[in-house]
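Peer 1: Now for the letters of each chain:
2 protein chains.
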Amino acid sequence: MTTELQLIDRFLSPFARKGAGMVLGPGDDCAVLRASNGTDQCVTTDALVEGVHFTSELFSDADIGHKALAVNLSDLAAMGAVPRWFVCSVACRASDAARVPRIARGMAALAARAGILLAGGNFSRADTLSLHITAGGEVPRGTALTRSGAKAGDLIYVTGTFGDAALALALRSLQRQNKAVLLHQLRPEPRLAVGLIARRHAHAAIDVSDGLLQDLGHVLEASGVGAHIDAHLVPVSQTFRDVAANLDLALTGGEDYELALFIPAAKASAFERECERVGQKVSCIGAAVKGGGLSVDHAPHLKRGGFDHFAGVRNPA
Amino acid sequence: MTTELQLIDRFLSPFARKGAGMVLGPGDDCAVLRASNGTDQCVTTDALVEGVHFTSELFSDADIGHKALAVNLSDLAAMGAVPRWFVCSVACRASDAARVPRIARGMAALAARAGILLAGGNFSRADTLSLHITAGGEVPRGTALTRSGAKAGDLIYVTGTFGDAALALALRSLQRQNKAVLLHQLRPEPRLAVGLIARRHAHAAIDVSDGLLQDLGHVLEASGVGAHIDAHLVPVSQTFRDVAANLDLALTGGEDYELALFIPAAKASAFERECERVGQKVSCIGAAVKGGGLSVDHAPHLKRGGFDHFAGVRNPA
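Residue numbers (this note's numbering), protein chains in the order written: chain A, 14 to 330; chain B, 14 to 330.
Worth flagging that the hints you see were computed from the coordinates, not collected in a lab.
Some hints could be false.
From chain A, some residues computed to sit far from chain B (all C-beta separations above 10 angstroms) [stated by the list, open to error]:
1) 112
2) 165
3) 199
4) 206
5) 237
6) 249
7) 281
8) 291
Partial selection, computed: residues in chain A whose CB lies under 7 angstroms from chain B [said to hold, decoys possible]:
9) 47
10) 58
11) 100
12) 145
13) 147
For each residue, glycine too, the CB sits at the ideal point set by N, CA and C.
Let the hints inform the model, and build the full structure from the sequences given.
Peer 2: The structure is reproduced here in structure tokens:
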């Protein structure tokens with residue numbers, strides 16, 4: 014029988030235990046984080062539940078650990094925050110004990126790359142494996158990127174490509190799989206570098222995780238503007254282009270964990286140049302306009318929508 | 014069908030939406046917390062899982078909401094922190110939708126009393142209801158109470174009474190129940206006021222949630238001291254005294270969510286006086302001694318131990 018302390022030890026072992034700003038790390042009742050003077054702390058929480066967000070058939074344990082942290086880092090990226098700390102609440106069966114170190118390794122590898130420190134955690138017994146992460150990051154006081162600052166005339170940029178994560182689940186049900194596409198589902202890459210650049214240029218930003226159109230809609234609503242985009246400008250992978258019948262999955266698929274950024278036209282070329290300098294591809298897909306609503310060129314098949322956890326739209330299990 | 018946004022709206026509705034230090038609250042990708050200059054931020058996470066930590070037979074939905082937050086606040090109290098913010102990751106069935114507002118109300122009532130603000134959250138679909146909370150609090154820089162500062166000669170104080178939470182589960186299996194005892198299981202009261210006082214007096218502190226002896230052991234180990242306590246000095250309720258065959262449950266039962274505090278003798282009377290002034294009962298149960306180990310007078314039946322989530326010691330389900 015594995016004890017809770019053994020589980021915790023196994024979970025902690027691959028993580029860095031010291032770092033700037035962590036006065037007290039895992040092992041006490043709380044972690045103590047020392048905020049630098051003048052900074053704002055951004056905090057986010059997101060969960061991965063077995064059978065809902067992942068299955069063992071598709072995901073390795075390291076994939077699960079990576080993705081649980083990545084989806085939180087993507088939220089920090091959308092604020093333009095520098096990742097600082099996270100805590101992880103794990104619910105699992107006793108029989109999952111052997112998986113814990115593998116999950117932790119996948120998580121720790123991404124944590125090290127992102128420069129974020131594990132500050133604490135908790136294990137509970139449950140019939141289903143789930144990981145609930147809360148992450149904190151810093152921005153200079155008053156500079157956090159939000160959904161609410163977009164203005165008519167802003168150019169709308171997105172990172173990476175869209176639709177592969179949803180396509181991976183569709184291909185799986187068709188019994189054919191493509192490794193590059195699958196990687197977007199298993200190992201989303203948080204766009205932290207672009208977020209930091211955007212903090213100096215963008216009026217508004219959002220983490221696109223529930224489908225591009227739905228998440229753009231959140232920015233428009235919060236900012237009181239409309240937008241016009243061209244589906245042909247939405248970046249997709251070569252495989253997506255070869256395999257997908259139409260662009261619906263790229264516009265509504267969900268789980269992309271890319272950023273959408275509203276950049277004033279005067280700053281667009283500086284923004285593009287700085288992203289190129291750090292090796293991050295960004296694509297302009299349209300612009301914000303006066304009034305409300307989102308119009309989309311070149312999307313004849315389009316059914317508006319995105320992912321809702323309680324509407325049963327998508328379930329990989 | 015209830016949508017995720019409806020669930021979130023229902024969850025948010027009873028909470029205060031504005032407060033000092035919250036630059037940006039729920040509704041964006043992250044919450045933004047403005048740390049006052051010179052403070053340390055304490056962060057903790059703890060979860061409540063249906064069938065493991067609670068059952069609907071014993072707990073009302075409001076009880077569940079209260080307890081999920083209370084167990085986190087108890088960790089903040091043990092650091093001497095002023096509660097500031099928390100986030101809540103909820104996993105539930107679609108059929109739990111009606112329970113969400115009731116859970117939120119129980120949580121919000123405690124949040125208002127404790128002066129802590131909901132800063133964000135997340136809903137996931139799952140086959141079992143669970144609540145995963147991360148909470149943050151502040152202490153002046155470098156003043157957080159930890160487990161590691163106890164010194165030989167310190168007097169060991171505890172808050173409240175012990176054993177009722179465990180007794181409530183034992184009585185339930187015996188088909189007889191006592192309301193006052195049950196309240197300790199359903200509605201633990203975080204000892205925030207005592208934590209704040211202790212921050213100015215104590216060498217070390219711990220949240221006692223896994224059994225008094227086990228949690229005292231954590232302080233002794235972290236501090237490199239031993240301790241001697243008298244079981245007859247461990248405070249118990251009148252009902253506990255009437256019903257329980259011996260003191261085992263008070264020493265090892267778990268879920269007390271009381272504080273144990275190591276106070277230098279010279280500060281003991283000031284500590285007692287200040288606790289009395291805020292209406293909080295504290296009891297001296299022994300002292301820290303040189304060397305290691307914990308000796309307990311007047312506990313002839315004692316089996317050392319506490320609660321381990323993965324050893325199957327206790328399960329209310």
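Peer 1: Give a verdict on every hint.
Peer 2: Hint check results:
no.	hint	result
1	112	holds (13 angstroms)
2	165	holds (21 angstroms)
3	199	holds (18 angstroms)
4	206	holds (17 angstroms)
5	237	holds (15 angstroms)
6	249	holds (24 angstroms)
7	281	holds (22 angstroms)
8	291	holds (21 angstroms)
9	47	holds (5 angstroms)
10	58	holds (4 angstroms)
11	100	holds (4 angstroms)
12	145	holds (4 angstroms)
13	147	holds (4 angstroms)
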